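A.B. asks: Single-letter residue listing:
Protein chains: 2
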Amino acid sequence: MSTHTISPARFDAGALQQAVDGVIEEFLAQKAQAADSHMAHLVGLLAEFGAGGKRIRPLLAVTGWQAASGLPADESVVRVAASLEMFHSFALIHDDVMDDSDTRRGHPTIHRTLANHQRDSRAERFGRSGAILLGDLALTWSDEILFTAGLTPAQLGTVLPLVTEMRTEVMRGQYLDLRATGELHDDVDATLDVIRYKTAKYTIERPLHIGAALAGAGDDVMAACTAYALPLGEAFQLRDDLLGVYGNEQDTGKSRLDDLREGKNTTLVALALRASDGAQSALLHTLIGDPFLDESGAEEVRAVFEATGAREAVERMIDDRYWEALRALDTAPFTAEATTTLKYLARKATRRNS
Amino acid sequence: MSTHTISPARFDAGALQQAVDGVIEEFLAQKAQAADSHMAHLVGLLAEFGAGGKRIRPLLAVTGWQAASGLPADESVVRVAASLEMFHSFALIHDDVMDDSDTRRGHPTIHRTLANHQRDSRAERFGRSGAILLGDLALTWSDEILFTAGLTPAQLGTVLPLVTEMRTEVMRGQYLDLRATGELHDDVDATLDVIRYKTAKYTIERPLHIGAALAGAGDDVMAACTAYALPLGEAFQLRDDLLGVYGNEQDTGKSRLDDLREGKNTTLVALALRASDGAQSALLHTLIGDPFLDESGAEEVRAVFEATGAREAVERMIDDRYWEALRALDTAPFTAEATTTLKYLARKATRRNS
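Taken in order, these protein sequences are the chains called A and B. Per my numbering: the first sequence ends with 441, consecutive numbering throughout. Per my numbering: the second sequence ends with 441, consecutive numbering throughout.
Careful: at least some of the hints might be erroneous.
[Said to hold, decoys possible] Coverage of chain A stretches by chain B, computed from C-beta distances (three or more under 8 angstroms per stretch; other residues unrestricted): (1) 213-219; (2) 239-249; (3) 412-423.
Don't read these hints as lab results, they were simulated from the structure. Model, not experiment: these values are computed from the prediction. All residues carry an ideal CB built from backbone N, CA and C; glycine is no exception.
Could you build all of it, start to finish, from the sequences and the hints given here?
C.D. replies: Written out as structure tokens, the structure is:
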């Protein structure tokens with residue numbers, strides 16, 4: 088077990104990533120071995136897909152554990168962290184089907200890859216169905232990694248409700264996002280409500296909670312996790328929204344036309360609509376949601392984001408929330424090492440280009 | 088708890104159905120109460136969808152419990168049974184998206200219902216995405232019902248691996264089914280392999296195992312469950328295949344053109360291909376998988392199923408497997424009451440018209 092132990096003394100994201108990847112690789116290798124050739128192909132796709140992730144949720148789960156316990160993360164904690172990453176693969180695979188995205192992490196999405204294996208009129212449907220099933224498998228296997236983590240009954244009793252809560256929250260956020268897509272509006276608060284569920288709770292708060300709960304954390308630690316996580320999670324998604332429109336595709340691994348073509352009503356869009364004049368508003372309504380939008384059309388949209396001050400406003404919102412998260416750490420009952428790590432992660436989550 | 092207790096003395100499917108429905112209704116009512124209006128709408132759809140089920144898996148789980156323990160099924164056993172039914176809602180909702188089916192249980196499928204709420208060009212995609220998410224929620228909530236069933240650590244330790252195994256198996260079966268769809272072949276054994284995973288293990292064997300495992304059953308009981316379940320499960324699916332082509336739509340609640348239009352390579356189709364002459368084979372290859380197949384085309388296909396003896400052969404296979412399941416009960420170490428119930432269920436599963 089010692090190979091999977093992560094020391095709390097000095098934060099080492101690389102070592103954690105290696106440990107999490109080790110759990111997932113070993114798990115999927117066993118699944119592939121037990122599978123027929125068709126299933127082995129699916130398992131292989133899942134392994135490749137997962138290899139490209141940033142591992143932010145596992146990092147936070149381990150940090151939550153360390154914040155509350157001050158102890159090294161042993162095999163069981165690393166397995167719980169790995170199960171969050173497997174769940175995230177599920178979420179992304181289904182998200183890409185729902186958004187009909189072509190690329191993810193610099194590669195074709197799972198449904199595109201599967202469709203490319205078939206050369207007939209059923210290819211698109213086969214790709215979509217196979218991706219739905221592979222997502223379902225990833226969700227099931229996320230459970231399996233969790234159930235076989237060697238948790239005590241007390242740990243299971245506190246962690247399982249948090250896990251189902253996290254899953255319900257992110258699905259709720261996804262559904263709100265889906266409902267809001269294609270009908271532009273300037274209700275900034277509504278966009279922040281989507282963000283809270285889709286990202287802030289899912290990506291930051293619940294992973295921290297789950298790690299802290301493994302250590303038997305009390306209400307004060309859990310509340311401090313929330314006080315740090317919600318503003319940071321909003322900032323993380325606001326950065327994502329900016330990268331979705333302004334990012335370098337080489338860095339992000341995703342098209343910077345997708346969000347606009349799909350008509351995502353991000354906070355950026357809502358702010359621009361709120362501050363736009365008649366002509367600007369008409370332009371946004373015409374171009375955002377146009378499935379054939381090209382780069383020159385996207386440039387026109389970006390120009391409105393600048394002219395209305397919306398881009399700048401989002402940058403300010405990110406900054407405000409970054410500092411709010413840091414202030415929450417000042418009074419948090421966490422270990423000093425975990426606090427240092429959380430400061431580092433806050434910076435990384437908000438000042439990134441990928 | 089007494090209202091949810093099911094006596095083993097006399098099998099009462101109605102009482103069990105009521106108890107399972109009670110658990111699910113109460114659970115979903117709580118979810119609806121905690122939800123905003125959009126989510127409450129989704130929860131309502133799930134409640135309506137689940138109300139139309141046959142509850143065969145919950146019945147088998149409770150019977151597995153009674154076979155091994157001889158005790159009344161208490162609240163925790165009923166909740167585990169209910170979690171299987173919630174999982175089944177997930178499986179059907181995603182299955183309908185993958186098959187692009189219009190009707191299920193006599194009503195529009197979830198993705199059609201959701202699409203009908205939107206009146207623009209995005210309606211179809213919205214319906215599909217919403218159904219994927221609602222399926223994901225049902226899977227997550229199936230977990231939640233299971234986790235809150237009040238199981239002992241020992242029960243959780245035996246049941247959770249069976250649950251993840253069952254889920255992996257049915258997804259594997261679905262994927263094999265998907266791969267086999269649209270490319271007709273006469274490999275009868277391959278069709279039976281799909282059936283084993285997609286239906287026999289999922290619908291009969293694993294629910295029995297899960298119920299028996301709750302009672303701490305040993306290897307002999309588990310093996311006897313398998314000996315009964317696999318032949319019966321194959322017979323169940325073979326009956327389903329016949330109903331998919333010959334059933335009365337008023338009874339089955341599904342179109343009897345869907346399987347043919349979709350090009351499902353059922354055992355019936357494989358047997359017909361194997362026994363067909365050149366003209367018959369050409370007709371099957373032309374009509375099966377034609378998305379615009381109408382009732383008169385379907386009649387031509389049915390005529391070939393009769394002429395080649397394929398329909399009759401499937402009826403014989405159902406009968407053989409029915410008797411094999413009954414013979415397995417002769418030596419099974421089950422309680423007498425459970426054996427009586429399993430005989431009744433075997434008859435019902437193979438001699439049904441819906």
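A.B. asks: Each hint needs a verdict: does it hold in this structure or not?
C.D. replies: Comparing the hints with the structure gives:
{"no.": "1", "hint": "213-219", "result": "holds (count 5)"}
{"no.": "2", "hint": "239-249", "result": "holds (count 4)"}
{"no.": "3", "hint": "412-423", "result": "violated (count 0)"}
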